[in-house]
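Here the protein sequences line up with chains P, S, B, Y, F and C, keeping their order.
Start counting the first sequence at 488; every next residue gets the next number (this note's numbering).
Start counting the second sequence at 488; every next residue gets the next number (this note's numbering).
Start counting the third sequence at 488; every next residue gets the next number (this note's numbering).
Start counting the fourth sequence at 488; every next residue gets the next number (this note's numbering).
Start counting the fifth sequence at 488; every next residue gets the next number (this note's numbering).
Start counting the sixth sequence at 488; every next residue gets the next number (this note's numbering).
Worth flagging that the hints you see were computed from the coordinates, not collected in a lab.
Heads up, some of the hints might be wrong.
A pair counts as met if it fits within one copy or between any two copies, since identical chains are not told apart.
Quick list of in silico lysine-lysine cross-link-like pairs, DSSO-like style, CA-CA up to 30 Å [said to hold, decoys possible]:
1. Lys-611 / Lys-594
2. Lys-627 / Lys-582
3. Lys-582 / Lys-634
4. Lys-634 / Lys-611
5. Lys-627 / Lys-594
Chain by chain, the residues run as shown.
There are 6 protein chains.
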Amino acid sequence: MSMEGKPVAASAIIDQVIEVFPNDLNPHGTLFGGRVMQIVDSLAAIVAKRHCGRVCVTLGIDSVRFLNPARRGDILVCMASVNKTWCTSMEVGVKVIAEDFRSLEQKDILSAYFTFVAVDDDHKPVEIIPVLPETEEQIKRFNEAEKRRTFRLAQETSHH
Amino acid sequence: MSMEGKPVAASAIIDQVIEVFPNDLNPHGTLFGGRVMQIVDSLAAIVAKRHCGRVCVTLGIDSVRFLNPARRGDILVCMASVNKTWCTSMEVGVKVIAEDFRSLEQKDILSAYFTFVAVDDDHKPVEIIPVLPETEEQIKRFNEAEKRRTFRLAQETSHH
Amino acid sequence: MSMEGKPVAASAIIDQVIEVFPNDLNPHGTLFGGRVMQIVDSLAAIVAKRHCGRVCVTLGIDSVRFLNPARRGDILVCMASVNKTWCTSMEVGVKVIAEDFRSLEQKDILSAYFTFVAVDDDHKPVEIIPVLPETEEQIKRFNEAEKRRTFRLAQETSHH
Amino acid sequence: MSMEGKPVAASAIIDQVIEVFPNDLNPHGTLFGGRVMQIVDSLAAIVAKRHCGRVCVTLGIDSVRFLNPARRGDILVCMASVNKTWCTSMEVGVKVIAEDFRSLEQKDILSAYFTFVAVDDDHKPVEIIPVLPETEEQIKRFNEAEKRRTFRLAQETSHH
Amino acid sequence: MSMEGKPVAASAIIDQVIEVFPNDLNPHGTLFGGRVMQIVDSLAAIVAKRHCGRVCVTLGIDSVRFLNPARRGDILVCMASVNKTWCTSMEVGVKVIAEDFRSLEQKDILSAYFTFVAVDDDHKPVEIIPVLPETEEQIKRFNEAEKRRTFRLAQETSHH
Amino acid sequence: MSMEGKPVAASAIIDQVIEVFPNDLNPHGTLFGGRVMQIVDSLAAIVAKRHCGRVCVTLGIDSVRFLNPARRGDILVCMASVNKTWCTSMEVGVKVIAEDFRSLEQKDILSAYFTFVAVDDDHKPVEIIPVLPETEEQIKRFNEAEKRRTFRLAQETSHH
Chain P
488 MSMEGKPVAA
498 SAIIDQVIEV
508 FPNDLNPHGT
518 LFGGRVMQIV
528 DSLAAIVAKR
538 HCGRVCVTLG
548 IDSVRFLNPA
558 RRGDILVCMA
568 SVNKTWCTSM
578 EVGVKVIAED
588 FRSLEQKDIL
598 SAYFTFVAVD
608 DDHKPVEIIP
618 VLPETEEQIK
628 RFNEAEKRRT
638 FRLAQETSHH
Chain S
488 MSMEGKPVAA
498 SAIIDQVIEV
508 FPNDLNPHGT
518 LFGGRVMQIV
528 DSLAAIVAKR
538 HCGRVCVTLG
548 IDSVRFLNPA
558 RRGDILVCMA
568 SVNKTWCTSM
578 EVGVKVIAED
588 FRSLEQKDIL
598 SAYFTFVAVD
608 DDHKPVEIIP
618 VLPETEEQIK
628 RFNEAEKRRT
638 FRLAQETSHH
Chain B
488 MSMEGKPVAA
498 SAIIDQVIEV
508 FPNDLNPHGT
518 LFGGRVMQIV
528 DSLAAIVAKR
538 HCGRVCVTLG
548 IDSVRFLNPA
558 RRGDILVCMA
568 SVNKTWCTSM
578 EVGVKVIAED
588 FRSLEQKDIL
598 SAYFTFVAVD
608 DDHKPVEIIP
618 VLPETEEQIK
628 RFNEAEKRRT
638 FRLAQETSHH
Chain Y
488 MSMEGKPVAA
498 SAIIDQVIEV
508 FPNDLNPHGT
518 LFGGRVMQIV
528 DSLAAIVAKR
538 HCGRVCVTLG
548 IDSVRFLNPA
558 RRGDILVCMA
568 SVNKTWCTSM
578 EVGVKVIAED
588 FRSLEQKDIL
598 SAYFTFVAVD
608 DDHKPVEIIP
618 VLPETEEQIK
628 RFNEAEKRRT
638 FRLAQETSHH
Chain F
488 MSMEGKPVAA
498 SAIIDQVIEV
508 FPNDLNPHGT
518 LFGGRVMQIV
528 DSLAAIVAKR
538 HCGRVCVTLG
548 IDSVRFLNPA
558 RRGDILVCMA
568 SVNKTWCTSM
578 EVGVKVIAED
588 FRSLEQKDIL
598 SAYFTFVAVD
608 DDHKPVEIIP
618 VLPETEEQIK
628 RFNEAEKRRT
638 FRLAQETSHH
Chain C
488 MSMEGKPVAA
498 SAIIDQVIEV
508 FPNDLNPHGT
518 LFGGRVMQIV
528 DSLAAIVAKR
538 HCGRVCVTLG
548 IDSVRFLNPA
558 RRGDILVCMA
568 SVNKTWCTSM
578 EVGVKVIAED
588 FRSLEQKDIL
598 SAYFTFVAVD
608 DDHKPVEIIP
618 VLPETEEQIK
628 RFNEAEKRRT
638 FRLAQETSHH
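Isolated chain P, as found in the complex (with noise of 0.2 Å):
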């Protein structure tokens, strides 16, 4: 494998289709937050794996969002992808719409940004294939990322 780069496109998802069961919903009847974050956590995932083709580590979750409840019956609509890499981890973000497949209207239901690491059968980091953002919206990502990271860093310093 070429250590040139690898396309976004070449592991991100963008129409993960999952309907909301009465067994998805909390004590108030929307969509349970737990839920859809075991849902984006297991995609994030499938994609740091699909962009190394090795075993990724969870490092963290930064700004999840919950936007709007999602309702029984609605059928969400997941997006993620490689944002940015750096030598040894990755920013993947993910985004979940619902949508009613009566009106076809839709809602954000949620957006948040993991951090994982690639690590080899000793469970060191090993460093990643660059991702090369190609679409306007990719490489707006892949910039806004950087700013993500920089935040991330500052922010652990101060607490410190």
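Add chains S, B, Y, F and C to chain P, keeping to what the hints say.
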């Protein structure tokens, strides 16, 4: 909404990914067949709803074939699309492959054909907008769906 | 164990009961089809194992028919038995009815036919002890299983 | 419905089979006790409902004994029947054995006694149709149920 | 580890909280008994392990009493502690109450007594460090545990 | 209820224990991140409800850090408390450690910060009773919560 027809691609799912967890295994250490049926049943129902914008009821499933066992850590890639519509019913074809995220090798796991009927608020069957196959592959599936339906009806007649 | 044969009743399940929980419902408030498939898949596999005393692998499922919706609180009664054996494969028929525990009214929910192959420790198919139908009903299913197999093989030939 | 009585066999479950999945294990690799309690609780409730055709509420569970550990791939065979009825309550006895589908060896896994009360639509206890033990075994359990009830009442008195 | 004893408080759980989800309900819309048994079984086992630092095996559960139904949105508060130890076995008492987070009203849901035995790596029972009751309440439970054991043994003798 | 304030300890959870089951593992044999997120999401929501006696809605989750992998049989100990309240929102901090019940060794597993808003019956945000930090540790967290909020707001501004 015009009744002229809707292309296959408008409702098709082409990259639904699910990682095989320890949770998904049968006592022999391979992906539990009942689990994969649960996954594809949800998926086929979403495709049916997306195509006709209505509640859809599963009438039957035919020719489910388990082609290879999947294992812990495999990434399942599921595809589903409307193959053909008749007056109030439609056939949704489903295919599952497993991808090794390291070697990128793929193997076929399952194929199946679901028959749905669209219903109105009184649970009465309603007319479905015709599906329009566009690619060569879609046209092939469109024609095969008719043969499967003929077999199905012949078989049902022969039993009663 | 003699290879002369084993009666249907020795491995059949005739009264497997499951109450429909809120947990088992789809977004429309009826029993989720994927859930009932999971139940009958487990059950058919147990019947197959009981018949031949070996690990059995599901090859396929045919003619799954959803006959009526089941509701919260219904008691599902599941039946499964070996209909016919061939050299290394066997057909297991499954039927699910729902019983209202107050009125004792029953309605048919699902019927399906599973094909299993018995395997040895190296996952090689092995000969299966023949099943011996005894009642009129069992003999009818034995004969119909042969017809279904003929249809299945004809259908597979017609597609390739 | 006559109040003369209903035989034990009319509501008894004698062959409820469940295969032990990886999903059902505790961290030590044996069947999780909480999982088997969940299974038998559902089963006992169905037997109670079948006997009296009403919603039944669990008052208590006594003398649960875990007799042997079950393992992955074991086939659990569960039995449950009404042992005795009193005015508005009844005892349902449950037994679970594990069967090795290869050797057909069996071992006892669990026994337990459930007490249910039947209720009407206002959740008030209602009279239960008496159970009629017919076999020697059923008569033995009928008599033992009375002793267990005496113990239970004696114990409750001694604590308050 | 000294064999002098370990206070009850060292292993007790006094505030394990669980919200009742739609997922946890039986078909009648109240907390499923099998679900609450699963919760307390896990909890009692953790208390037993914490007390003796070893794998513990459940021998039995006695005097499970369902005192009131819990409903969707109730917050269950679970308590568990070692009541008494004998040579190789111990009794763990469990209590569950439900709290309405608005009114702060509480009602009793369940009480139960678990008997565990500690085992070594060969699954042989091993001596357990004695539990030391300190508060008045703990001493009361310590004494009652002995009475329950006497009842238990008397009952078992009377049946065989 | 007086609006003067409520101490942190009144709603805090300090010893929520959960044993890691085979069921909770990812394909690599360690605790699935999505599962632990589900656990802490439930827990944080209970603390929020307990603090303000109202339905609380999750707005976001920040700075989730996976500090070490947990393994099968580890006992997770979860802690959660209200760090700071603002007018209609509050921050709940969550920490998970894993304890080996044999060696009593502990390792940090996860830390995260949840932001909730309390709502009335019309889902409108309502004023929250202020939290009163009492211990040195609680005061430290109270102050840090303000810094985190500043970071959060700064970051949101920088993106729009």
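A quick look at each hint next to the structure:
1. Taking the shortest Cα distances, Lys-611 and Lys-594 sit within 30 Å of each other only across copies (19 Å), while inside one copy they are farther apart (40 Å).
2. For the identical chains of this complex, Lys-627 and Lys-582 are intra-copy neighbours only, at 15 Å inside a copy versus 34 Å across copies, given an alpha-carbon limit of 30 Å.
3. In this assembly of identical chains, the alpha carbons of Lys-582 and Lys-634 lie at most 30 Å apart whether taken from the same copy (19 Å) or from different copies (27 Å).
4. Taking identical chains as interchangeable, the C-alpha atoms of Lys-634 and Lys-611 lie at most 30 Å apart only when both belong to the same chain, with a minimum of 26 Å there against 33 Å between chains.
5. In this assembly of identical chains, the alpha carbons of Lys-627 and Lys-594 lie at most 30 Å apart only when taken from the same copy (22 Å versus 36 Å across copies).
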